[in-house]
Amino acid sequence: MNESPLTIENLTFQYHRRFEPAIENITFSLQAGQVMLIAGSSGCGKTTLMRCINGLIPHTYQGAMSGSICLFGKSVTGMGLADISQTVGTLLQDPERQILGSYVLNEVAFGLESLGIPRDEITPRVEKALDRLGILHLRDRETFGTSGGEKQKIALAGVLAMEPKILLLDEPLASLDPASAQEALQAFRQLADEGIAVMIVEHRVEDVLSIHPDVFMYLDEGKMVYLGDTDGLMDVVDYRRIKLPARVVLERARQDPAPVFVPAAKSHSGEDAELLRFEGVHFQYNENDPEVLKGLNFSVNAGDVIAILGHNGSGKTTMVKHALGLLKPTKGRVLLEGHETRKMTVAQAAHTVGYVFQSPSQMLFAATVHEELSFGPKNLGFPVDTIDKNVNWAIDTVNLKSEMDMPPLALSFGQQKRISIAAILAMRSRILMMDEPTAGQDYWNYQAFMDAILQMPGFDAVIFITHDVDLAVIYANRILLVYSGEIVADGKPQEVLKDEKLLRSCRVLPTSLLKLNMEYLPRTGRFFRAETLAHIQS
Amino acid sequence: MQKKSWKFGTREVVYSAIGAALYAVLSLATNWIQLPSAGNVSFRPAIVIPLFFGVVFGPIVGFIAGFLGNIISDLIAGYGLWFWWDLGNGIIGLVPGLIAVWMTTYKATKDIVWAEVFSVIGVLVGMGVASVSEMWVSGADINTVIFANFIPAIVPDLINGLILLPILLIAYAAIVKRSGR
Amino acid sequence: MLVTWRYRLRNGLMEKFDPRARWIFSLAFLFAVTMFWDARFLLFFFIIAFAWYFSSRAKWKETRRGWYLIGFILFMMIVINTIITGGGAGGVVPPGGHLVWPQGGTFPLFDWHFHFGLTWERLWFAICQVLRIGGISAIFLIIPYTMDPRVYGVTFRGLGLPDRFAYSMELAFRYVPTLARDFGTTLDAQRARGYEIERVKGGIVKQIIRIAPLIVPVTMNSILTGEDVTNAMDLRCFGTRPRTWLNKLTFHWQDYALIGFSIFMLVGAVIAIYGFHIGNFWVPYFWLKLAE
Chain V
45 MNESPLTIEN
55 LTFQYHRRFE
65 PAIENITFSL
75 QAGQVMLIAG
85 SSGCGKTTLM
95 RCINGLIPHT
105 YQGAMSGSIC
115 LFGKSVTGMG
125 LADISQTVGT
135 LLQDPERQIL
145 GSYVLNEVAF
155 GLESLGIPRD
165 EITPRVEKAL
175 DRLGILHLRD
185 RETFGTSGGE
195 KQKIALAGVL
205 AMEPKILLLD
215 EPLASLDPAS
225 AQEALQAFRQ
235 LADEGIAVMI
245 VEHRVEDVLS
255 IHPDVFMYLD
265 EGKMVYLGDT
275 DGLMDVVDYR
285 RIKLPARVVL
295 ERARQDPAPV
305 FVPAAKSHSG
315 EDAELLRFEG
325 VHFQYNENDP
335 EVLKGLNFSV
345 NAGDVIAILG
355 HNGSGKTTMV
365 KHALGLLKPT
375 KGRVLLEGHE
385 TRKMTVAQAA
395 HTVGYVFQSP
405 SQMLFAATVH
415 EELSFGPKNL
425 GFPVDTIDKN
435 VNWAIDTVNL
445 KSEMDMPPLA
455 LSFGQQKRIS
465 IAAILAMRSR
475 ILMMDEPTAG
485 QDYWNYQAFM
495 DAILQMPGFD
505 AVIFITHDVD
515 LAVIYANRIL
525 LVYSGEIVAD
535 GKPQEVLKDE
545 KLLRSCRVLP
555 TSLLKLNMEY
565 LPRTGRFFRA
575 ETLAHIQS
Chain F
248 MQKKSWKFGT
258 REVVYSAIGA
268 ALYAVLSLAT
278 NWIQLPSAGN
288 VSFRPAIVIP
298 LFFGVVFGPI
308 VGFIAGFLGN
318 IISDLIAGYG
328 LWFWWDLGNG
338 IIGLVPGLIA
348 VWMTTYKATK
358 DIVWAEVFSV
368 IGVLVGMGVA
378 SVSEMWVSGA
388 DINTVIFANF
398 IPAIVPDLIN
408 GLILLPILLI
418 AYAAIVKRSG
428 R
Chain H
658 MLVTWRYRLR
668 NGLMEKFDPR
678 ARWIFSLAFL
688 FAVTMFWDAR
698 FLLFFFIIAF
708 AWYFSSRAKW
718 KETRRGWYLI
728 GFILFMMIVI
738 NTIITGGGAG
748 GVVPPGGHLV
758 WPQGGTFPLF
768 DWHFHFGLTW
778 ERLWFAICQV
788 LRIGGISAIF
798 LIIPYTMDPR
808 VYGVTFRGLG
818 LPDRFAYSME
828 LAFRYVPTLA
838 RDFGTTLDAQ
848 RARGYEIERV
858 KGGIVKQIIR
868 IAPLIVPVTM
878 NSILTGEDVT
888 NAMDLRCFGT
898 RPRTWLNKLT
908 FHWQDYALIG
918 FSIFMLVGAV
928 IAIYGFHIGN
938 FWVPYFWLKL
948 AE
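Protein chains in written order, with the working numbering: chain V, 45 to 582; chain F, 248 to 428; chain H, 658 to 949.
There could be a bad hint or two in this list.
To be verified - Listed below are the simulated DSSO-like cross-link pairs for lysine-lysine, each with C-alpha atoms no more than 30 Å apart in a straight line:
#1 V:LYS338 with V:LYS545
#2 F:LYS424 with V:LYS267
#3 F:LYS354 with V:LYS422
#4 V:LYS445 with V:LYS372
#5 V:LYS445 with F:LYS354
#6 V:LYS172 with H:LYS905
What the hints assert, rightly or not - The following label-pair restraints were derived from C-beta to C-beta distances:
#7 V:LYS445 with F:THR356: 26 to 32 Å
#8 F:THR356 with H:TYR913: 56 to 62 Å
#9 H:GLU853 with V:THR430: 15 to 21 Å
By construction, these hints were calculated from the structure, which means they are not laboratory data.
All of these numbers come straight from a predicted model, not from anything done at the bench.
Ideal placement from N, C-alpha and C gives every residue a C-beta, glycine not left out.
This is chain V alone, in the form it adopts within the complex (with noise of 0.2 Å):
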């Protein structure tokens, strides 16, 4: 068969009850073992591009639909999903979300069950797409207690068992660490190299340059802006809107006026200075169980803006539930401005430490963003005029002041996002501690609001987790490196990065951009994003 495993044309697609098309005169084709990849930024219509794809619509999702979509030549139209998902394979985005099965044997076998294949079979077929991933060791786990990484690698091989010609990858490094994508990569590359063609829709651009996609496609606003070779790629896409590499950053940024950015945060020293402190803090969940932090030792004082970078499961969630007194220590101690958080009530340390929980739609459940961001003050008995004072603030800082009388659960992602953080903001604590605050959101979101953040006045720290290496460069003054629940490094982000090998060693990957400012420090004698860089004088 010489078809090509996925042919489009003319696709356009507009949902029922909305009045736009989705995404409008796609044209391309994909060949087996290419690995193509699809960018653009939140509601570029990427996502609507796969489910037409993978046959959710119109099966699931309706809406008019034009234009054509052949598998190996054959039209889809009339074919059900369960003859679509043979040839397609899906990997969605949120792997915790999409494993169906307790254990990763019955996970693995979803596809194989539902199709009623006899029993004797579908197990040597699990093994198989196990082994191929490199995780038939994982076979009788259950899957609750696997980490991100291995949850991935569990989804993919359940696609895998179908055994599927075509793959779909929606955003597929989204909940991982820099270590865990580029493995996750490197798989993706060789199921290509197998034969299978590969469609990785991801707004992590750089990260997966690492295993040179065969095709880019660019889409803005439903349209195809870019269909082509990766050279090609860097000189259409909007540097500001997708992440490209450092270099190509730096050199295009030459052309436009250097960014503004002023953090807010003042050091001051005196009395008050120390804000936080860890005491030899160690902790364990259960007796029998390891030890999640083994013994730390840091203070956070005014003007920090702190980063703390680790890879997954390393205790930096753990450790900042400590500083706000969520967990107390099995040993050791922790001190807000003096005080021992064993003996105070954690909507005291409130007061001190502001806490943004990493998904939004966990915390907020108000009728209005009004209500929402009262709830925190008024938990905290602030009298009522202190109250509207602060959560006006709060909703001009982040920008929302028009949809004030919404429910917060009918905003986007992005906005909700914004108000998790206005919601703690309205309770003035002083330090505003942050976890993966740009998870979820695209590149060109997560910079506007880390800038704004970060420019607002109000706060005398900002603590922020991430596994995204680029933020600490940009915006920290001072880098906790965090590896299984000991911290290996803290201090000025040149000091602590500078160290590759130290990175590595702590699953922590230097990026471009880090390279970059580090050949521009003794110049800059500190990190910059690539856009500022591009106008120091070299």
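With chain V fixed as given, assemble chains F and H onto it according to the hints.
This is chains F and H only, laid out in the frame that chain V set:
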């Protein structure tokens, strides 16, 4: 999309499962949180889950959420398996599910009032069935069953369910706008 | 963690049986025992129930909480049924009988005169209730400790439930730990905003409304999750063909024996009650002797 009362496709399979798991988890979680003054008898917020899943996803989903959810929470608590009470909890979700097809916005006063009315009926019928079965199994008489089973069961269910159901419906109305289906 | 299953492998005799056979036995027991009010038969069932119960090797320390709850409910029911309400004990105990306090009595404090309708027959009935409910409790209380939650789906499929319902069960068990963790996260996220569930002031309505910051995000989040789960299942052909269940259950000789015994028990009960009219409520002679 056309809503059908008794449809049981993939979506219904999923929401039955999630409703049941949620009902079980919330039942257990709110048993843990000890409310000092109110007394635990009247604090049973989890009951809103089968009511809500019924109103939103239809009678079968409501039934499984209540029935299976009650089974799972008893399994985790180690209380054993009490088929007739599980059945009663299933009915609590099933009856409000009967009006699922007539829901329009989920936040209109009309929608909320009907949801509440059917929830009351659901609680009365569901706990009625469970209580009556106690007469057959335990040999208790009708008065005993009313005072020892029926009333202690319906009072917290009604108070908690009727207060929390509108809150969840209004929240659901907000997220429904974002879904593309 | 918030949820842990009670089940673990104990190498008890009970685990030698197929879960389907165990369900059949448990249900047959329930239907058989509820036909009887004769203490001699009830004692027979009571002994079977506890033999079954102990074959599981579950420890008192594990099951204690369940027994306390059952004990409490049983106590309340029997006390109300026997002493307080004057009804006919489910229509089983014939009216009349030997009064325990034929003269009635007076409450010392209030000087109320009361007339107790309590009879020796109804006290005996209370004993029968203890035997009957105790037996049923033993059979059903032990289920969580002996049945792997992850085989419920395939078990009920094996008992004739349609694929979709059976899979719904399977999926529910899968999402319990995930949702429990989500609940914990939401609780932490709200506590970080100063929310203190343990310090709620105000009336009952206010207290219930105060649970909204927990229940709303957890529920809405799980509904959003459901969209993804539905897609994941559709994309892997769920429900398109009759499903293969990978976990296979096979009956062995002991399972046939147990099912045989269950049928014998049930049929025997029907014959005894409807054929020979034995097994109905009966008060032993010595008990009535006590009354005199």
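Here is how each hint holds up against the structure:
{"no.": "1", "hint": "V:LYS338 with V:LYS545", "in the structure": "holds (22 Å)"}
{"no.": "2", "hint": "F:LYS424 with V:LYS267", "in the structure": "holds (24 Å)"}
{"no.": "3", "hint": "F:LYS354 with V:LYS422", "in the structure": "holds (26 Å)"}
{"no.": "4", "hint": "V:LYS445 with V:LYS372", "in the structure": "violated (37 Å)"}
{"no.": "5", "hint": "V:LYS445 with F:LYS354", "in the structure": "holds (24 Å)"}
{"no.": "6", "hint": "V:LYS172 with H:LYS905", "in the structure": "holds (21 Å)"}
{"no.": "7", "hint": "V:LYS445 with F:THR356: 26 to 32 Å", "in the structure": "holds (29 Å)"}
{"no.": "8", "hint": "F:THR356 with H:TYR913: 56 to 62 Å", "in the structure": "holds (60 Å)"}
{"no.": "9", "hint": "H:GLU853 with V:THR430: 15 to 21 Å", "in the structure": "holds (19 Å)"}
Hint check: a violation occurs at hint 4 only; the rest are consistent with the structure.
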